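Residue numbers (the numbering used here), protein chains in the order written: chain A, 1 to 339; chain B, 1 to 339; chain C, 1 to 339; chain D, 1 to 339.
Any given hint might turn out to be false.
[Unchecked claim] Have a look at the derived ranges for each label pair, beta carbon to beta carbon: (1) D117/D - K172/B: 51 to 59 angstroms; (2) E302/D - F284/C: 43 to 51 angstroms; (3) E302/D - A47/C: 30 to 38 angstroms; (4) A315/A - E329/C: 35 to 43 angstroms; (5) E287/C - R36/D: 16 to 24 angstroms; (6) A315/A - G148/B: 56 to 64 angstroms.
Think of the hints as simulated: they come from the structure by calculation, not from any bench.
Source: prediction; values computed, not measured.
Glycine included, C-beta positions come from ideal geometry on N, C-alpha and C.
There are 4 protein chains.
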Amino acid sequence: MIAPPGAGAHVMVTFCQFGAGRIGAIHAGNIAGHGRARLRYVVDIDAAAARALAGRCGAAVAETAAALADPAVDAVLIASPTDTHAGLIERAARAGKAIFCEKPIDLDLAHVDACLDTVRAAGVKFLVGFNRRFDPSFRALRQAIADGRIGRVELVAITSRDPGPPPIAYIKQSGGLFRDMTIHDFDMARWLLGEEPVEAFAAASCLVDPAIGAAGDVDTAVVTLRTAGGALAQISNSRRASYGYDQRIEVHGSAGMVAAGNRVPTTVSLADAAGVRSDKPLHFFLERYAEAYRAELDHFIEVVEGRAAPLVGAADGRAALRLADAAAESAQTGRPVRV
Amino acid sequence: MIAPPGAGAHVMVTFCQFGAGRIGAIHAGNIAGHGRARLRYVVDIDAAAARALAGRCGAAVAETAAALADPAVDAVLIASPTDTHAGLIERAARAGKAIFCEKPIDLDLAHVDACLDTVRAAGVKFLVGFNRRFDPSFRALRQAIADGRIGRVELVAITSRDPGPPPIAYIKQSGGLFRDMTIHDFDMARWLLGEEPVEAFAAASCLVDPAIGAAGDVDTAVVTLRTAGGALAQISNSRRASYGYDQRIEVHGSAGMVAAGNRVPTTVSLADAAGVRSDKPLHFFLERYAEAYRAELDHFIEVVEGRAAPLVGAADGRAALRLADAAAESAQTGRPVRV
Amino acid sequence: MIAPPGAGAHVMVTFCQFGAGRIGAIHAGNIAGHGRARLRYVVDIDAAAARALAGRCGAAVAETAAALADPAVDAVLIASPTDTHAGLIERAARAGKAIFCEKPIDLDLAHVDACLDTVRAAGVKFLVGFNRRFDPSFRALRQAIADGRIGRVELVAITSRDPGPPPIAYIKQSGGLFRDMTIHDFDMARWLLGEEPVEAFAAASCLVDPAIGAAGDVDTAVVTLRTAGGALAQISNSRRASYGYDQRIEVHGSAGMVAAGNRVPTTVSLADAAGVRSDKPLHFFLERYAEAYRAELDHFIEVVEGRAAPLVGAADGRAALRLADAAAESAQTGRPVRV
Amino acid sequence: MIAPPGAGAHVMVTFCQFGAGRIGAIHAGNIAGHGRARLRYVVDIDAAAARALAGRCGAAVAETAAALADPAVDAVLIASPTDTHAGLIERAARAGKAIFCEKPIDLDLAHVDACLDTVRAAGVKFLVGFNRRFDPSFRALRQAIADGRIGRVELVAITSRDPGPPPIAYIKQSGGLFRDMTIHDFDMARWLLGEEPVEAFAAASCLVDPAIGAAGDVDTAVVTLRTAGGALAQISNSRRASYGYDQRIEVHGSAGMVAAGNRVPTTVSLADAAGVRSDKPLHFFLERYAEAYRAELDHFIEVVEGRAAPLVGAADGRAALRLADAAAESAQTGRPVRV
């Protein structure tokens with residue numbers, strides 16, 4: 001149900017949010033600060049975390065069933081652990097709620113398909129949280145391509161490195177580097193190539209922390225994607241960059257090249273006898289993508305309001321996972337994998 | 001009176017805001033979005049503007065007397081036209097409210113002094129809105145100086161240009177370029193020189209719009225300041241920069257140089273046969289200093305809470321105006337003016 | 001024979017140069033302009049070109065046999081077409097001359113081996129013209145790695161694009177993109193990885209000009225290299241970059257990242273309502289690597305003088321070709337190739 | 001006399017150079033390396049320096065009278081100490097030689113005028129060595145202005161700082177900061193303003209070295225120039241910049257801003273936990289203006305050959321000195337000075 005706001009000017013989109021962790025806190029704060037949305041419930045298995053976040057955002061704590069049963073709730077924002085995504089999507093879909101789900105939908109392609117069937121059957125609105133599509137620089141980069149500024153896309157280069165690896169416990173349930181981290185880059189590559197990749201080749205190593213290797217994962221990887229038309233994409237990943245979160249994209253086309261770089265905390269430079277020093281990139285995704293998260297939520301609210309179609313649909317979530325599966329298989333077999 | 005917030009966790013600083021114009025909207029939004037503050041009243045002679053802004057921020061519209069009489073109001077934020085500043089400061093001071101006043105306090109130094117006497121007598125907290133001191137880049141620049149990274153300050157260069165001139169009506173009541181626009185640069189120069197300027201020389205022209213000259217003002221100016229110790233500062237002003245708001249500072253010292261540049265909307269660059277193109281600076285002060293305005297308000301709230309001393313005091317407001325007066329006199333007489 | 005120079009201060013290294021084409025003109029000019037070298041002969045099948053270049057550099061035109069028989073000649077610089085390299089190397093080696101040969105030694109690994117056997121047997125000094133090793137920026141980049149500034153090398157990214165494709169006639173005898181163009185990048189990768197690649201995977205397309213495809217070659221390619229230790233390198237090639245010669249390298253290590261970018265003709269930027277414009281990179285290798293060619297020759301002269309050991313030896317020429325063969329095979333078979 | 005070169009293709013311009021010091025060595029090397037010039041004589045009161053430089057460049061050592069009497073000499077390049085310039089100019093003019101003289105012509109305006117009268121009477125070609133006009137970046141900057149890219153020039157900002165002060169002995173005979181160092185900036189300002197300055201105001205300090213003050217000079221200065229049309233220029237000088245030779249210019253116009261920055265030895269940047277580090281500017285004028293010196297000589301040779309008119313004439317040398325005198329007077333009196 002769309003309730004009238006205090007000022008009487010707008011109809012407010014009412015949210016229930018699942019997940020009160022780091023990314024959950026970002027989303028909840030953005031909902032609370034949005035002029036056309038309000039946060040009604042926070043749901044988290046960790047009751048203290050749920051209470052704290054709800055308190056900060058003027059929301060209440062609830063159980064899943066009760067929250068989904070409340071007709072005042074228009075939309076759910078799913079930012080809980082990955083293994084709960086598919087189940088929550090299905091329950092929310094059946095309850096008729098619009099759904100914003102953090103990536104990935106699930107680590108298993110068959111589960112994703114089943115889940116998306118339910119979404120389709122319910123006819124509810126659905127957005128996958130590929131936040132990078134909402135980064136102002138990446139958006140402008142893609143717009144330049146769409147405007148024909150670089151001609152036909154030929155080579156895409158994505159650099160994507162985290163400042164440091166997550167805990168081993170997280171690694172173990174993450175689905176591996178390609179499904180957890182590179183999945184964003186696969187989405188970016190698809191979005192920018194303008195054509196589906198048909199082949200993936202991945203080479204991966206464990207160079208950052210042997211414990212990651214012991215957990216069956218890799219921490220350093222490069223991926224090559226190829227489209228049917230012959231366009232090529234390269235991805236460069238590391239779980240650790242001493243200089244901060246490294247998120248850059250270059251697209252080379254027949255008539256030019258467009259690039260988007262990192263953002264820095266300040267523009268200060270210091271020149272002295274030792275050289276010129278300037279800021280390293282913003283530390284991590286919370287800082288770098290702060291604007292993207294706000295824009296993403298704003299877009300979702302427009303989707304719920306019926307004023308926009310989702311820019312990132314279920315098929316996008318599925319396709320990125322399909323590429324992640326292919327890359328993981330390639331890294332293991334040492335062979336390129338057809339997609 | 002400091003009232004308990006909904007979540008019971010914090011004491012909320014309650015504001016009355018004067019002025020519902022462009023800069024008023026920024027401050028009101030920041031108060032409304034601050035976790036430890038709330039906006040109770042908006043006061044503006046333009047009732048419609050006051051209602052609209054109050055509506056957006058969950059506040060009520062009020063008359064000055066009533067608002068200042070309300071014991072729930074802890075603080076006033078004065079963002080009304082310059083000629084109302086001194087009067088509102090005095091009334092708020094007598095009502096015992098903490099005061100955040102946009103620059104300038106007044107265009108007349110004698111009025112400023114009388115006004116500041118009242119503030120001192122009332123013993124209320126007082127902050128002048130020199131927002132640039134809260135810009136993350138300028139803050140980091142000054143911190144580098146304070147940390148001794150460039151040795152002794154010798155040369156300061158401030159570039160400060162607006163994207164376009166204000167309406168002639170505004171020009172006429174602005175006090176002139178030096179008191180309206182350069183006053184920020186005088187504050188920056190004082191803040192960075194670490195020593196009071198003792199002399200100002202200004203050369204000014206009307207190059208942007210003859211109507212500005214006809215109104216008795218200039219639109220293009222350079223100023224030289226000198227301290228007793230021999231450090232020198234240069235300011236470069238224009239009311240019009242085709243490429244956007246140009247706000248840069250360089251400080252050259254005995255052991256290095258520190259500089260802060262403009263911020264850009266995106267990091268996108270486009271390389272093609274014509275060269276490499278990138279974004280021009282953020283358009284104007286609302287965009288460039290968005291973070292500064294938030295940080296400035298946050299600082300004022302800490303001041304009201306008793307957790308910080310004001311970083312920009314009444315004396316700073318006075319000293320910048322004193323330099324503006326000297327520069328205006330210098331531009332008119334063609335002679336350097338002792339301060 | 002090392003002859004005394006006019007000023008009596010230095011012994012001059014006397015050169016015979018093979019090849020009076022574009023790159024030959026660069027080398028001849030550098031020899032003529034070097035304080036410790038002189039150019040005695042220019043040899044080229046195109047007599048007019050040989051005469052013109054010799055005239056400009058104060059040298060004489062000669063036949064190969066006569067030039068190599070002249071005991072005054074200390075060194076040969078081979079900048080003739082690729083298919084003449086191996087033969088000239090062998091003849092020069094037998095004549096006891098020091099040899100500076102442009103890359104590649106030959107397009108056939110067996111020929112290279114036979115040729116290098118002759119060089120070894122003759123005991124003459126030998127330098128392969130991998131000019132990029134002498135580029136000041138790439139040199140400084142490698143020095144930073146050698147100095148431990150980025151820790152252990154993990155990821156290398158090489159962007160290498162020509163402003164436009166060579167004539168089809170050149171393409172046909174070039175040995176293909178990997179042996180002609182990427183060979184430089186293979187040398188850079190080996191030089192920076194600090195460990196031999198053991199596997200190459202290449203994906204290639206013909207996107208720039210169908211005539212290149214019709215000639216059996218590709219014009220757009222990406223390559224992945226892997227070392228035994230797990231370090232990874234990516235190369236991105238195109239025969240056409242609308243914005244000029246694109247020559248950049250990034251190396252990501254365990255403790256930092258070091259990057260070297262393009263050089264520009266001027267530092268001029270123009271800011272206006274349309275954004276900020278600056279120069280595109282220097283147009284092509286003659287401009288970008290002008291300093292590198294001078295430094296390379298200076299190094300070779302030091303080698304001939306016995307004051308330095310060759311920084312790029314026969315084994316380097318061979319190893320780069322070995323990687324080029326592997327990449328070509330990979331691009332054709334679609335499989336990674338062990339090296 | 002214009003003698004035929006070895007290759008018979010060009011007529012060679014034959015030089016006598018006065019001065020075998022630091023800047024003399026640059027010019028002599030450029031003459032020797034120029035395809036259409038040769039250095040016949042080097043003249044210096046320091047016989048050993050003259051011999052060494054002549055030896056390196058294939059020239060002979062000579063006395064002034066003999067050198068000027070030699071009809072084979074077409075042109076003189078005067079790079080001897082400033083107090084010898086006027087005398088040599090007059091003798092060379094009477095001998096009918098084309099003259100390239102390093103700035104300044106003389107430190108005394110009356111001497112300059114007398115000297116230029118002699119030059120005019122003799123009808124010889126004359127170029128003043130304002131090398132910065134030949135810097136590729138400053139040239140491109142000026143071309144952008146000439147092309148109307150920034151509209152009408154309104155504000156010029158010149159930053160000009162040396163890496164370190166010269167010896168006190170040099171300071172004492174230099175004519176002071178404004179005539180020795182700022183004179184280049186006065187020439188740049190005139191060149192870019194497109195209109196003569198009518199007033200100069202200078203503020204100066206001794207902050208770098210008290211010995212400079214004791215010698216009656218200053219080491220830190222800022223200058224304001226104003227044209228009749230109201231355009232304004234600012235200059236910022238220091239005899240010491242810890243980060244190297246700082247040579248930047250910005251010109252703000254009615255339709256845009258054009259800027260030229262420093263050049264760096266390499267494009268290498270290093271990103272790590274401490275930030276991003278890159279090169280400081282090229283160390284000093286020999287490095288920064290290496291290209292400018294070559295282009296300047298090439299231009300002079302074209303002037304001697306009758307293929308170009310001098311880009312920097314006697315009047316330019318005089319006008320810059322006039323501004324230097326005005327600035328020196330302003331710094332002493334504390335008043336702006338009409339020019």
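These are the hints, each one checked on the structure:
1. In this structure the hint that D117/D and K172/B lie 51 to 59 angstroms apart at CB holds, the actual value being about 55 angstroms.
2. Restraint check, E302/D to F284/C: a C-beta distance of roughly 26 angstroms breaks the suggested window 43 to 51 angstroms.
3. Remark: the range hint 30 to 38 angstroms for E302/D to A47/C is upheld by a beta-carbon distance near 32 angstroms.
4. A beta carbon spacing of about 37 angstroms between A315/A and E329/C agrees with the range 35 to 43 angstroms that was offered as a hint.
5. Look at E287/C against R36/D: about 22 angstroms separates their beta carbons, and that is inside 16 to 24 angstroms.
6. Against the hinted window of 56 to 64 angstroms, the Cβ-Cβ separation of A315/A and G148/B comes to about 57 angstroms, which satisfies the hint.
Going through the hint list in order, the structure does not satisfy hint 2, though it satisfies all others.
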